[in-house]
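**Q** The listed protein sequences derive, respectively, from chains S and W.
Numbering-wise, this note's numbering puts 545 at position 542 of the first sequence, and it's gapless, one number per residue.
Numbering-wise, this note's numbering puts 625 at position 126 of the second sequence, and it's gapless, one number per residue.
Bear in mind the hints are in silico, worked out from the structure with no lab data behind them.
The structure presented is a predicted model; accordingly, all values stated were derived computationally and were not measured.
For each residue, glycine too, the CB sits at the ideal point set by N, CA and C.
One should not assume that every hint holds.
[Unchecked claim] The following label-pair restraints were derived from C-beta to C-beta distances:
| id | chain 1 | residue 1 | chain 2 | residue 2 | range |
| --- | --- | --- | --- | --- | --- |
| 1 | S | 856 | W | 534 | 45 to 55 Å |
| 2 | S | 580 | W | 801 | 46 to 56 Å |
| 3 | S | 559 | W | 694 | 57 to 67 Å |
| 4 | S | 559 | W | 846 | 46 to 56 Å |
| 5 | S | 551 | W | 803 | 18 to 28 Å |
| 6 | S | 559 | W | 703 | 51 to 61 Å |
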Amino acid sequence: MKNNSTRKLLLATLLLFAPATLLLAQTKVKVWGQVTDANGPMAGASVIENGTTNGATTDAEGRYALSVGEGATLVFSFIGYVSQEMAATPGEHNVMLAEESTKLDDVVVVGYGVQKKSSVTGAISQVKPEDMQNRSITNAQAALQGKTAGVQIIQGSSAPGASPTVRVRGFSSNVSSNPLYVVDGVRLSDISGIDPNDIASMEVLKDAASAAIYGAEAGNGVVLVTTKKGAAGKGKLTYDFQYSWQTLANVPKVLNAEQYIDYMTEGSILSRDFLLSNWDGATNTSWTDVAFETSTMQKHNVAFTNGNEQGNYYLSLSYLDNDGIVKGDADTYKRLTATVNGEYQIKPWLKVGSTNQLEKYDMRTVAEGNEYGSLLASVLLMDPLTPDVYAPNNLPMNMLTALNNGQPLLKDGKGNYYSVSPFFTGEFGQPLIMRDNNVAKSGGFNVTGSLYGDFKPVKGLVITSRLGYRLSGTRTSTVSLPSYNNSERINPYLGYSAGSSTSIYYQWENFANYARTFGRHSINAMIGMSFQKSSYNYVNGSLTGNEEDALKKNDPIFWYLNYAAASATKAVSGEETESAKLSYFGRVGYEFAGRYMIQASLRADAADLAQLPSTNRWGYFPAVSAGWVISQESFFEPARKYVSNLKLRASWGQNGSLAALSGYLYSTDMALDRIYPFFPGNNYIQGTAPSSMGNPELRWETSEQIDIGLDARLFNDRLTLSVDWYDKKTKDLLVSGTTPSLIVGGTVSPINAGNVSNRGWEVELGWRDRVGDFSYSVRGNIATLKNKVTYLDPSLVRLPGEYFHNTAITYFEKGYPIYYFRGYKFAGVDPATGDPTFEDLDGSGDLSDGDLTYIGNAIPDFTYGITLTAAWKGLDLTVFGTGSHGNDIFNCINKFDRQASNKLKEVFYDNRWTPQNTSGTVPRANANNMDKYQFSDAMVYDGSFFKIKQIQIGYSFPKQWLRKIYVSNLRIYCSLDDYFTFSKYPGFDPEAATNATAGMGIDKGSYPGSKKVVFGLNIEF
Amino acid sequence: MKMKHILLSALMLIFAVGCENYLDIPKHGNMGGQDDFYKTDEEALQALASLYGTWDGIYSNWFYAKNLLSDDVFAGGGNRGDNTSMEQLNEYTFGTDNTVVKDLYAGMYALIYKANLIIEKVEPDTPGKARTVAEAKFFRAWANFDLVTLYGPVPKVDHLLAPGEYRMGNSTVEQLWEFIEQDLNEAIDSDALPSKSSANDAETGMRVTKEVAQAMLGKAYVFQEKYAEAAAILDQVIDSKKYELFKGDYDMLLHSANNNSCEAMLEIQKRKDPEQMSWAHYENNTMFYLMYGWRSDRLEMTGNIAKVIENGTWGFFNPRKSLYDAFVAMEGANGYRLSSTIRTADQMEALGVKVQPGQYLSGHEGYFIWKTRLLQEDNVSPGTQPWFVWTNYRVMRYAEVLLLAAEAHVQGGDATKALNYINQIRDRARLAPLGAVTLDDVKKEKRLELCLESVRFQDLVRWGDAESFLAEQGKQIPAFTGAETKYMWSNPTYGFKAKHKLLPIPRKEMELNPNMKQNEGWQ
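Starting from the given sequences, assemble the full structure and let the hints guide the process.
**A** As structure tokens, this is what we get:
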């Protein structure tokens, strides 16, 4: 074996370097012919003299001709087809290539390797390019929604440039449940910068055994992204274009002028006199119309690709310009991305390559998801009596007074003043002021990629060395303009802050894969190591106005730190932080006769000192899995007619999470505290105190998961079915802010104090068939989830999560779903008073914390998706919908201490108690205990929804027409995306959430989704 | 060839060994291990700065609890429900879960922890370090004083707790008083605390002086009804002549212009330093004063006053009519101290301040606090919402010492001295001197002199007057429209009951700590 390979290597080397004359010295024979497939001639198929670089590519008619050494073997190949070999006798050799028996031997990408799909023993979901292309999604995560079971996508904010949150098999941690992303072998925390068009496949490693090879970071699942590579064949140039019109999808109902006046006077919140004397009697502003408009988004993608047996490349350039639905350009996202992938077999035993994604982006954002300043909430809270603008000669009293007091009232571009409500004051202003008083810009770049070499010293062994990197830079700036929102929200002076950061991440991974088949036995093994290091460096500066503007001039060309006014209060901050990780890992697998398969893996990870003390830094993450292809058994023979494939699989494994660990949480070292002046003047002593009470026992958060699955293909592979059941337990959750008791005094270090269980079923079902020219498919998936906190350290009753105006409303507590909603149980309106009443759960006779209880949670009972496709001749249709069932939403739009705000009509107005309607089910205006009502289940809504994400009709022009204009493919399409939403939620969007961990299902005015009309074309040369 | 492969493979894996030390990333800003710290004067002072910072951090809850529980003010705020925890305290509807009750309790122990760090870890072998240790003892006593008087028999934490000691049970009130006296006596007797060079020595007064520790000890004696000891030690403070009543405009006493005045015993230092407004030091914000100022967005201000009063404040702590009436009873409607302390709506309107038409002030009977009105000159950045005010937080002033001493002497000491002390207060208030002094005189004088200065509630409780003065508290809550006071809200249960002599042990602590016994009536 050794001699043989050495000879081949030598030969290959000679062939590479020897002049052609050397080849001519051999006896040559001429061969020619045609390569076809079932549909006719195949252009771009390759014909190679085996073991040499001598070969040819077929022309447009599928023809080839070449000279080869006598006695050589010809290899005919084409990507996606089964290669054929043939002895090279002189003369014509016509070959018909067969498509690789579809699906059966597809490969899936797994950690540090690929696996035949038929051999997979874990739970791995795949998302293919057809699920991403031609959609109006702007990032790759969104492509996962509804396409695969067990992966939940939460689009908490739909602002341009916002990334959705991905949850694989539930919610495991009190801190972060984000999956690990691995793009072409490079670990990332975010993949939103990758254009979906450049992705060849995404694999979600859902069970612990599949993910365990990523050990310490895989506790929340792993998403593997493989970007496109060039295919052997003819060069291709493609251009994809898409243009969308977006509008606010759902307009919540709020009170109109008349209703607002009724409500405010009923509750004595504002007197009728005051209301009428400050209202022109006609204005009835719809703030959604004021704040939103139809906006546009366009996407362009150009790709060049080519390849041959030695190498291939894929180059692409994409541009995205998304102007959000808030009027004007205060919410925009522009992104330019390029992908540069290439690889080459430079020696028979060495292939080298590089993958690169380059991204540059710019965005502007508006404030959202916050009870103290969400522009989106202000749209719902502004009263309808105030118009959006006033002409300067027609200012109302309150604005004139403000103007006379020198308050900086903002104007639109036309000289009109944005209105200031005389009724509603608070942390909010009216939406246009909120939009214009802050100019928040951010931008940056990311360069992510890898350089790798695959080294094959002996048959079956591939040693890979891969350097992965990510270089990122961000720039942010915020200008806060002098503005007067209302008497409580005044910014008298221009302020400015700016910052920039860079992060440099690299990983070096070396691993060896060995795979051999001996008769009916197949073995494979992999062993490797990984070292990762990242550093993050930031510098921020801010200028605060001190009795005058912080900049020399309020003009965009002065909006830089360099133009600080002398009086400005200046602050700078900056630091460089580092982290590193060292890992060793290995995997062995054995397969017998394609029938029984077993696999085991182990990973050891070491965390850096910022995460864990050196004594506890190593974590070990084992996994095993096994599969049994029942359909290969002889007893199954009679059923094979209907069931072509049936596989049972099971896996167990452990994974970790580092997300909660950073910042030397275990340490008792002395840290900087507040400063204090002991002497006259602005001289301070730097306070110093122990950073915390310490916890040398701190450990990794660990997930352990069992998965049992079944894959089947029936009726000639037309029906595919995959069912999984899993039980995932996450233990040693890191809990900070613990108080063993209130007398401790110091900061208690985090402890490993909680366990969470996630359990569920996942079913993926597909049907595809063809009737004459008509082909169609239906794919559906559904995943159930039972999430529960199973343990919390007895020193903690419950951990607070999200707050709504000083009150915690979500909690992490044993026996309940993670971050469930906690509040009072509304027991109806007292018919006598119109005040809300609540269940007195602790029997104390009055309302207290003892009456707080579970009132809902944001975790769906099940999520589902369905995709229908149909094609007839050149026409194609895709309908795709996704939904969530059983999740609740806590409506936190109306803050009870701002009674004069407008109200959601269905929540506060309809069927409220009035002296005439004493059987009303909603409390009277300004009732007693509205502060309790705000924190009761009356504010919790069923957040179940079904969204039709896509209805797309496309037409591909006939090839014979296109050939004349040198186009090989042209498709145009139009689509309604996110157009129809079915939900009972009275707010903007049932997917709204303040954040994805503790704030799931909390709506404080998040940026809502838009519905889109999309037009696009795909052209290929 | 084979050799080459081996070499290449070896090269790739060579990195695999020996790079674990790359994981040893040093911690930035690390001031070193605890055992290496607390060695020098400078380090001791840094530890003390951290203690003072904690003290600053708990001041607002300390102030809220003591003043809301008193009959000086209504909770107020933007509207009913603006701050329910505060309303509940003021109206005696609070339960064991009240956040102010909880945060104050935890905050006092945070201060004790900082004190214990210094007391245990700093060797008092230099004057600087000895002074630091003495101050730490003072603050431990200061915290324990409010714990024992507000919460009763709470755990006595006299050392740094080991993890096994985190759930300590109750101690007794007697043990706590003994501990307070011991700490204060040790602080005084250590001779490490300086005295001011004169009444006008502002700098020395920025930290705890020997006289402040003596005053605190005197207060502790008064609360234990040890009047003779109290009189003796308070006389020492007075006789030291290091403190005097402030003789400038009384209505400016509690403002930044008179920080660290001759009357200041204990003040938390604030500075007019715009650097404080940066995020690096934002924790030093004084939201306390934002709460305190008038509800400016409901008011129209015209004329000169609009140029001196700061805007954007939230209108908590509005004086009650009963307090105003008490002033009138003693001083008449135009009393100097009254008009320096409280203004009526009519007086305000004359100054150019009135409630906007159609608006109302919540928790308000038409009386505006004047002595702590928020002035633009107190704001670090005048004209902006006053998140940073450089008026020192007032904790104790000399008037309280005089009145404590007067009380101690009335209760069993030198009546002449008592008369002298109370007449010093009256003289400054431009009132005629008394010819003889009773305990009732002291009580009345103290109510007016120190209204809204965090002493009233504990006094009412220890005098046994709380049930009579606070019985109706919370029955009705007013709103002031500018023209009239409407009692818009009410509570079904309200008012001071026997159980309110002590605050409850916070529910959170009862849940966490199985060794704690709840106070009488709160179970």
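**Q** All hints, please: hold or fail.
**A** Hint by hint, here is what the structure shows:
1. 856(S) x 534(W): 45 to 55 Å: 47 Å, holds
2. 580(S) x 801(W): 46 to 56 Å: Hint holds: Cβ distance 54 Å, inside 46 to 56 Å.
3. 559(S) x 694(W): 57 to 67 Å: 59 Å, holds
4. 559(S) x 846(W): 46 to 56 Å: Taking Cβ atoms as reference, residue 559(S) and residue 846(W) lie about 49 Å apart, which means the hint holds.
5. 551(S) x 803(W): 18 to 28 Å: 23 Å, holds
6. 559(S) x 703(W): 51 to 61 Å: 52 Å, holds
Going down the numbered hints, you'll see the structure goes against none, and every one checks out.
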